[in-house]
Structures are given as C-alpha cells and as structure tokens.
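Colleague: Model the full structure from these sequences, guided by the hints.
Protein chains in written order, with the numbering used here: chain A, 1 to 153; chain B, 1 to 153.
FYI, nobody ran anything at the bench for these hints, they're computed from the structure. Be aware that one or more of the hints could be misleading.
[As the list claims (entries may be wrong)] Pairs of lysine-lysine, DSS-like flavour, derived with a Cα cap of 27 Å:
no.	chain 1	residue 1	chain 2	residue 2
1	B	K89	B	K99
2	A	K99	A	K89
3	A	K89	B	K92
4	B	K89	A	K89
5	A	K92	B	K89
Below are the chains, spelled out letter by letter.
2 protein chains.
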Amino acid sequence: MTKLYFEDFTPGQAIEHGPRLVTREEILAFAAQYDPQPMHLDEEAGRNSMMGGLGASGWHTSSLMMRMICDSFLLDSTSMGAGGVEEVKWLKPVRPDDKLTLRTTVLDTRRSRSRPEIGIVRLHYELFNQHGDGVMIMIVPTMFGTRDSKGPS
Amino acid sequence: MTKLYFEDFTPGQAIEHGPRLVTREEILAFAAQYDPQPMHLDEEAGRNSMMGGLGASGWHTSSLMMRMICDSFLLDSTSMGAGGVEEVKWLKPVRPDDKLTLRTTVLDTRRSRSRPEIGIVRLHYELFNQHGDGVMIMIVPTMFGTRDSKGPS
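Modeller: Laid out in structure tokens, this is it:
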C-alpha cells in the first residue's frame with residue numbers, strides 16, 4: 001500500500017470505514033476510568049438522564065472515532081498530527097451493541113507557507129450508528145508530509 | 001457538600017484541581033487501544049516526530065482532563081452533560097511523569113428560554129503541566145439544573 005501524502009487529498013474526497021461494534025463492557029470500562037458520570041455507568045441513571053438510557057462518554061466516542069481514523073487511513077499516511085479540533089458535536093448517544101461507521105471527507109487543503117514540507121488538510125469526520133443516524137462529527141486540521149519534500153522525484 | 005446548581009456559577013469564577021500524575025504505562029495503554037500512532041507508543045518514533053519525544057494522544061489528554069473535571073466539581077453538580085465542545089487545542093505534549101493541574105473558569109451563563117429548568121454554563125478549561133506550561137484548553141457549553149426548577153423553596 002502506498003502512503004498517503006498531502007498531495008493525495010482533494011476537496012470532496014470521501015473515505016468510508018467500519019463497522020465497529022461497541023460493547024457494554026468497554027463503555028463501562030472507559031467511563032469508570034475517565035468519565036464516571038452516572039449516565040455512562042448505570043442503565044437506570046441513564047434512563048433518568050437526557051441520554052434516555054446508558055450511553056458512552058462523549059470522550060469514549062471520540063476515542064473510538066480516533067481509533068477508526070487510524071485504522072481507516074491515518075496509520076498509512078504521512079500524518080504529523082493535529083494541534084487541536086475545530087468543532088466537536090455529540091449528536092446522539094452511543095449505546096451498547098451499536099455498530100459504528102466512519103465517513104471522512106476532505107474539506108480543503110493548503111500547503112504551509114513557512115514550512116513547504118508540510119500541508120494542512122481539513123478533515124470532516126462523521127460517525128454513524130447502525131440506523132444511519134449521525135452520532136458525532138468533528139473537524140480536524142491535520143498536518144501531512146508533502147511528496148516533494150522528499151526531494152525531486 | 002452542597003450540589004452545584006446553575007445559579008452557583010458566575011462569570012470569572014475559577015476552580016483549581018490537581019495535581020494528577022500521568023504515567024508512561026497509561027500513555028502506552030491508551031495509545032495501544034485508541035490511538036496507535038508511533039509517537040504515542042515509542043520513544044524513538046516520538047523523538048522523530050513533531051512531539052520531540054513520547055507524548056500522550058490528544059484524546060488521552062482530553063480523557064484525563066475529563067476525569068479531573070469530574071473529580072474537581074462535576075460529580076457534585078447538577079450537570080446534564082454537553083452536546084459538544086466549542087474548541088479544543090493541544091498546546092504542548094503530555095509526557096510520562098507529568099503532573100497536571102486543571103483550572104476551570106466560568107465564561108458566561110444563560111438560562112434556557114425553552115426549558116427554564118436548564119441553564120447553560122460556558123466553561124473554559126485549562127490544563128497545565130508541572131512547569132506551568134499550558135498543555136490543553138477547551139471550551140464546553142455545559143447544561144446544569146436550575147435551583148428553582150425544584151419548585152419554590
């Protein structure tokens with residue numbers, strides 16, 4: 001497989017990945033460690049919350065999405081990471097036994113002026129459940145290596 | 001301890017929490033599960049990356065911050081959660097043996113017009129390492145229960 005460089009991303013391009021099953025056990029384990037709010041740990045507390053039932057921590061959903069991004073294309077790319085996230089929205093709860101799919105869409109691309117060996121690709125990530133409902137979106141400006149930074153080909 | 005309601009938050013109010021030690025083991029464990037990019041898993045890969053050494057996944061830092069938010073005040077509040085995050089910035093890498101402190105600052109507060117039993121508090125979170133450097137910021141509009149939604153006192 002050829003590594004993805006900055007030049008390989010074009011606006012509008014879409015990459016699909018999944019599905020990924022989410023288990024009750026991992027929802028509870030993540031919540032116990034990182035976000036022990038009752039609606040992420042207990043079915044009844046979830047029903048009595050705005051989630052309307054046990055639901056994953058938004059940070060768990062974000063972390064699952066990150067893993068899907070890695071497996072979808074990022075580990076086979078020249079990604080250098082990101083300094084932050086422009087927007088995160090948790091649209092619907094992620095439930096035990098949900099099957100998540102990821103859609104990555106390239107919003108725009110630009111080469112760094114000060115460091116031409118780096119290009120920034122703004123990536124729009126959408127996570128869907130098995131009903132086709134969007135559960136999370138985020139926009140991440142991500143740095144990739146440029147192909148010609150490796151010298152003339 | 002009295003639960004924190006919407007009315008207990010006032011713009012400019014600050015809450016400090018920590019420190020929280022971050023171990024190499026937990027950095028590696030989180031990365032292996034959720035963000036297996038080389039700079040989060042391997043010292044040499046970290047040195048060869050923009051992180052300049054092994055550094056935690058930004059999603060790990062976010063999850064650690066969430067746990068500190070829970071322990072600082074959120075679990076003793078009427079929080080109903082948040083539908084997203086306005087801004088996330090990872091300013092510096094989090095390293096093994098870093099000791100993190102959290103500062104929460106209330107930006108502004110407003111009562112929901114359609115649901116007066118809910119108030120939205122925009123919270124600005126800053127995470128610092130033991131050198132006083134900011135490692136992460138985020139802004140989260142969070143829903144809290146209002147005191148008078150419990151009926152006249």
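Colleague: Please go over all the hints and tell whether each is borne out by the structure.
Modeller: Status of the hints after comparison with the structure:
1. K89(B) x K99(B): Holds, because 19 Å separates the two Cα atoms, which is no more than 27 Å.
2. K99(A) x K89(A): holds, 19 Å
3. K89(A) x K92(B): holds, 24 Å
4. K89(B) x K89(A): holds, 16 Å
5. K92(A) x K89(B): Holds: K92(A) and K89(B) sit about 24 Å apart, inside 27 Å.
Comparing the model with each earlier hint shows no violations; every hint is respected.
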